[in-house]
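J.: Sequence:
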Amino acid sequence: MASEGKPVSEAITKFCLALLSKLSKDDSTANLFISPFSISSALSMVMLGAAGNTATQMSKVLCFTESDNAGAQRTRMLPMQQVHADRQARMQKQSQMQAPVGTKLPGYLVKILKEKNGDAGKTDDAGKTDVAAKTDKVDKADDDTKKTDDVSGGDPQLQSEPSKPVNVPAGFAEVLSELNQIDASYALDIANKLYGEKSYQFIEAFLAEIQKEYKAELESVDYQNNAEEARISINNWVEKQTQGKIKDLLAKDAVNGLTKLVLVNAIYFKGQWNQKFNEEETIDSVFKTSKNDTKEVKMMRLTSTFPIAVVPEFGCRVLEMPYKGKALSMLILLPDQIEDDSTGLEKLEKELTYEKFMKWTGPGMMNETLIEVGLPRFKLEEMFDMKDILVSMGMVDAFDPVKSDFSKMSPKRDLVLSKAVHKAYVDVNEVGTEAAGATVAIVAERALAESFKADHPYLFFIRHNPSGTILFAGKFCSPESTTA
16 MASEGKPVSE AITKFCLALL SKLSKDDSTA NLFISPFSIS SALSMVMLGA
66 AGNTATQMSK VLCFTESDNA GAQRTRMLPM QQVHADRQAR MQKQSQMQAP
116 VGTKLPGYLV KILKEKNGDA GKTDDAGKTD VAAKTDKVDK ADDDTKKTDD
166 VSGGDPQLQS EPSKPVNVPA GFAEVLSELN QIDASYALDI ANKLYGEKSY
216 QFIEAFLAEI QKEYKAELES VDYQNNAEEA RISINNWVEK QTQGKIKDLL
266 AKDAVNGLTK LVLVNAIYFK GQWNQKFNEE ETIDSVFKTS KNDTKEVKMM
316 RLTSTFPIAV VPEFGCRVLE MPYKGKALSM LILLPDQIED DSTGLEKLEK
366 ELTYEKFMKW TGPGMMNETL IEVGLPRFKL EEMFDMKDIL VSMGMVDAFD
416 PVKSDFSKMS PKRDLVLSKA VHKAYVDVNE VGTEAAGATV AIVAERALAE
466 SFKADHPYLF FIRHNPSGTI LFAGKFCSPE STTA
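So the sequence shown is residues 16 to 499, counted in the working numbering.
All the given hints hold, so there is nothing to weed out.
Taking lysine to aspartate or glutamate and the DMTMM-like style, the derived pairs with C-alpha atoms no more than 20 Å apart in a straight line are:
no., residue 1, residue 2
1, LYS255, GLU244
2, LYS306, GLU354
3, LYS374, GLU328
4, LYS262, GLU243
Hints in this document: simulated from the structure, not taken from any laboratory. Small disclaimer: the values here were computed from a predicted structure and weren't measured.
Let the hints inform the model, and build the full structure from the sequences given.
T.: Below is the structure:
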């Protein structure tokens, strides 16, 4: 089970739930799979270069600060103005860039930054993000940066008893150090890389902070004269980091002569179940996609002791299935039955909050119980153009060629975030998740096992337990084109 989440992990979980809710509204019956950690990590790097209202909106959407109408939060993030000031001070002390970390992936985010006015910059390299728009740059009032203030939202309890402030980049650095454990019994690799236009000048403090906190290596490329070669190079790096699972991330013409910076965040997880399923026990079964519709599925079966929580007021149960070493777990939220005319998940998705998620998956409700588990074998590969989604969630100015303010990334203040692409892959089978080989655990109990059969739509999360970080999340609604 997870320890109490760190502030950054808390923000990732809140963002994850908000994003799942937003994506589900587009198609409530579709399978979903994302890496909220990857998306949040990449966007937080972009946020390092943002200022004013651009930074404020990004911080709120990523749940690093509360939105205006949100209630009290246990941990308050530093006002962005102070974060930038502290960052500049730390940056000046740093004399050299650090080497990047190796990596792989089941999900990750790419972004490309381009000039607002379409003119090529002159000078150095590196940065992150994706896309461009041709619009004249507009000077903005200095008030923009002054408005990024206290995040208490006027709540008297927060104002009288403020929590210890948290620095977002340092928070990610702390979580990354926990995730990249060399002696871990699982393969979890995270890598960040910047591909910057070689002729464009980026603020050194920004590059230094990215290197220090996110271990992001900068590579200079020639978007102006050979964008296609740069695109191929980026795709090859992604494919290598993901062990061939993610190919051709950037489509043709995704980058061009206006591109100034592409940021890639890749995460790869390969884990064996702590108690693996016996493949001989896997059977052909029926999966109810709705009250009246069914599809065939390969149903894996295992009887063993697992932590489980019963939530009668919401008509669901939560099962925790640890991976080998128990540092990571899959959490499955399964409604007792399909009560509506769709997948049966609508009520759960609507009511699921951060507080409920933490309560239901915490030691106070989870009890070790002998369970007869039935879990579909499946693969999912999802790709999202995140721009419209993020804008609808409130991240407006970053994508606006007039309003965007990335003045902490470039002294020219001529950059706009034009695209954000996320792609994720997961393979759940008898051995584990995207894995092969494990030890068979045989459990012989006299007690009658409780049944947990995931034969209708459910939500699932892959969590790093020591830090409480949600690395991946998804919704399985239909086995069509997903069974191995």
